[in-house]
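Colleague: Sequence order for the protein chains is B and X. What the first sequence shows, in the UniProt record's numbering, is residues 1 to 372, in sequence order. What the second sequence shows, in the UniProt record's numbering, is residues 1 to 329, in sequence order.
No lab work stands behind these hints: they were computed from the structure. We treat Cβ as the ideally placed atom computed from N, Cα and C, and that holds for glycine. No false leads were mixed into what you were given.
Quick look at which bits of chain X chain B covers, simulated, 3 or more residues with Cβ under 8 Å:
| # | segment |
| --- | --- |
| 1 | 203-215 |
| 2 | 218-231 |
| 3 | 237-251 |
What follows is each chain in one-letter form.
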Amino acid sequence: MSDTLAPERETRPAPPPQEPRRRRINLGNVLVEGRALVALAIIVVIFASLSPNYLQPDNLILMTRHVAMNAILAIGMLMVILNGGIDLSVGSTVGLSGVIAGYLLQGWDMPITQLVAYPPVWVVIIGAVALGALVGYVNGLLVSKLNVAPFIATLGMLYVARGIALLITNGETFTALQGEEGLGNTGFVTFLASAPLGIPMPVWFMVVFAVGFSLLLNRTAFGRWLYATGGNERAAELSGVPVKKVQTLVYVMSGFCAATVGLLLTADLPAATPRAGEFYELNAIAAVVIGGAALSGGRGTIRGTLIGAFVIGFLVDGLVLVGVSVFWQQVIKGAVIILAVAVDQLQQSFQKRRALRKVAASTNRPGSPSPA
Amino acid sequence: MFRTLTKATVALVGSIALAACGSSDADTSAGASGDEGGGGGGTIAVITVDPSNPYWKAEVDTAVAEAEKLGYETTVDAHNNDADRQNQFIDGAISKQVDAIILDPAGADESVGAVQKATDAGIPVFLVNAEISEQGIAKSQIVSNNAQGATIGAEAWVEAVGGEGKYVELFGNPTDNNAQVRSDGYAEVLAQYPDLELVQQETANWDRAEGKAKMEIMLRAHPDIVGVVSGNDEMALGAIQALKDAGKLDQVTVLGFDGNPDAAAAVEAGEMVATVLQPIVDGTTLAVQQADAFLTDGETGASTEKQAIDCILITEDNVGQLDNFVMGG
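Chain X with its partners taken away, still in its complex shape (with noise of 0.2 Å):
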């Protein structure tokens, strides 16, 4: 108890003495299970998007098992992209005075302003998988470089299909900036080979289902495609049962993105060619390190705030290797 008092009171370097009796307070609860870790004690908040998708799952476990590890006490909540709930958990966050949030943000101009918020109460913020469009307010913001892995998903995908033919996109959740930023990553490759043809841009907002409907009818539009790509797995996913129902999977090549576990098996079948694997778990490891840095020492130990981890290709020669979202040996 004593030490995680003083981690504590460490922790409060740099940020405004208010926090202090409300901290060392929450502390009560927290010291029992921060007594195996190396520093650290007191709470982290993450706020993560959406626990049911087995990607920003990975996320949360990631910053729990980490944050558990630095020994301090977690909270988890999921805004779902919704940007007044983000703003609500920022609001909890403040009021239970954590040292600090890990927080995957509900949008780059959406979330500036919960960020300043939550730093002008004094908590430092540590921004994963997706950015903020101001710097200076986050204490780091460390995301996965979206446009390199499309462009390395594209290019992989184009070399299977052969530079030649129809091919249709389907698209993530208009309102989510990564969708955007892989689609024009595709884009900015497959122009550069003319006898390509984009000829449908279907959303289906991320989801299997929708996926697999979409695709559906647009194999009744375009009978003679050769290709899809795909925002997100769970999309490539659906779409690739459309294909096997209607018996044309072996004349279409699929590109997923995310490397999500079943876009992994998909993989190894040979049903999808490639997906693209953020590197969430080393982003959210180091957004947890950092943030465990910051209230140690006052610093991040990074030498820029933005930090793009580039994304790795995961085709089938590589597939043995991934085990949910991690990259082993």
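Just chain B, same shape as in the assembly (with noise of 0.2 Å):
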């Protein structure tokens, strides 16, 4: 984590494009960058509008819990974008770990011997979150040591994790979560489903990723490695950024933020089942794309993010609470993803025109105007 290792000068020549440095204030500018949370802002007034359950703080509340799981997810997803990669796995890898901690909480069946052991719940959860982790470690060898690409490495360890998560519960679901007392394996359901200050853990969890993950980003030389890497990977391993490292790295992270979304779903219902995580991944990847990341990596920051989780979320939610019809609710969603983006093509479009003026202005600085 230290603040002075030297490559990060040497990623100078490319770049993160949002570098604050004399930016001049402009409702124009404020508008286009700001899209997600215009977005947002227009689903909070309009929801608002058609019915009045929607900004009570019980209701908030009640669907921020349901965007802090995939808030989660797509902070993980971020790092890996970043990255200039794409990780498929995610949704897997949330039901892989549920089910690992729901058959540790029922006792595990210790091979040869024939004990049953009950861990306590810390294990359980460090075994869960281990465990997530250890797939994004495959993936990301997969991708940076044998170079398979990202979509095909996770696409594939999608159903490798899903039916490791069948044979492990043979099916069925995992129901009997408590633990007992005596075997002192208890608080697992009570700890991860509880709502401390009135806050439910899942958005706990949400903002300690988001803060951690966020000095990670903008306060450590990984982080300015990986928006290198990002951004032109060749340049950066040349400056002596360890671009593989980097790249194993993010899918590890991935893992490890589907694993704790397992852990939380798996508490929230309380049950381990095999199918749960179906197609989070796409959620996940919407949320990072909503936010203003470019998938060819490079470009995307974690407030973003969020704000492209809640857009989801609070979307989502307010079409099921003012009762839009099921048909209409994927129509919508899907269009809002679609608009999300279209805009920001339009906004990159529109730099790189601004930014070649900028160019040309100055090169003609002497006497001649700019010809805009």
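Take each chain as given, in its own frame, and dock them per the hints.
Modeller: In structure tokens:
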């Protein structure tokens, strides 16, 4: 976490575009750059006017709890996408980690010895999260060492992880998660599904993850390396960035986030089902993209991703709350995602043109006015 | 080994000769485990929907157990209601030249072609759990009577609710035929009670987590509901958890469908008023037996191709007899 490592300075050739230096405040810019926030505001205004329940504190907390699961996944996904990759396996990792937790809580039939172990809850949690990170590590090795395309490697892992979850449960659902006092493994559900200070645990996790990963991105060498590899991998490598290491680590982080969501979801139900988390990867990718990240890598922020997750969650729950028909819900959700990305592309070309104009203006400075 | 060969030859009565060499080749591996069985020999392909769901897992387990009891090898595939994958598994079964296919079809219309293809290749197909929209292709179609099941479920639910108040419905995956059949069955009964008002209908895609999330939001919009009818147990169990968290389970009566083990526990605990057991074990057993009869005698032994088996209402009175989708004594 040292800030003074040498490579940091050498990544300057590929600086992240959102360097805040000398930015002029301009209403048009704010509207375009903060478009996810604008979209969120529009959604809130529309639903608040359609349903008096929408803005009630209880409902906001409820919707934020729903958002939190996707937001945590999306934070992990952002790390991968900043690197120019994609992680399709997170939904399956959610299912796998939940199932592992459920399996350990029900009693682990240890091989060879005829014993059944009942690990304490903290061991269960660490074990499940470590497994998620391991899944990510395998993804990372496939991508960085074997040069398998991220889409393919994680698509394969999507099936492998889901299959293992099914093998462990034999297709069944674990519901006895409360543990037993005598075995010392109680508290999984009561802890992870609790709500300290009235705020549900998933929301606390979302806040901690957002702050933690934000610091990681903005205050550490790793963060700068990540933006650099996503911006221009070759240039980053030549500048001494440990490109392969960064590439592996982002998948580990994504697996870690997914496993955390698996635990929260399992405690929330409370049941560990091997089907948990199906298609969650799609919502996570959508949140990252709505939040302004580029799928090509190098551009994106935690703040934007969080807003993206809120846009999706507040939209989906709002549609249910006001009773929009099921089929329209899907159409509207899809349209919002497309619209967000289309606006993003417009902004990109707009910014590029403006930058070119500036360059042109500064080279033509002696006397001649800029062509615009 | 000789016995399996003879059985395989018998199995070919009524099917085309092309299958002969392949089928006996395939049997070399099947012979060993087929020894204990009464008849049969050869391979039965079991193609199901999604063994991660306990309901379909019971279907697969039953089919495999019954087939092995009758002396067959089995292969198992799951298409997850994807007609393309179903098609690939049918192709696979044809190229492996299995002797019969037990299929839980992926869609009534979409599956006609797949069943036709297998039949054209001389492999008899026996449908379980769901039907296809044409008759005369599959050898038998054994379905549980979902409409009747929804009716008895709704009747039990309405009796508990008292025929008055607002309720919501959790709908299954809209692309699944059974979701509509069950919903229609509920509506048919509940429409007779003018004081019952369906205030919202949401899909939760058969899924527990989605059922819980949808229920939580619907409770915000309609805090005064007295009941939930659900297209399956998983969504109902999600709804029950949401109601528990909101402290409203006392005022809301929940109806499930499928009779899965978790739902049975919920009925026993008084959290779910009733669920409807599809006789999947009986139906699947029957399908395998008919496949065996057909391979041995050239006839299924059933008088009609389409056979509907009535569902069983599970309430706290009889839930004690239910064990993993089977009603015992």
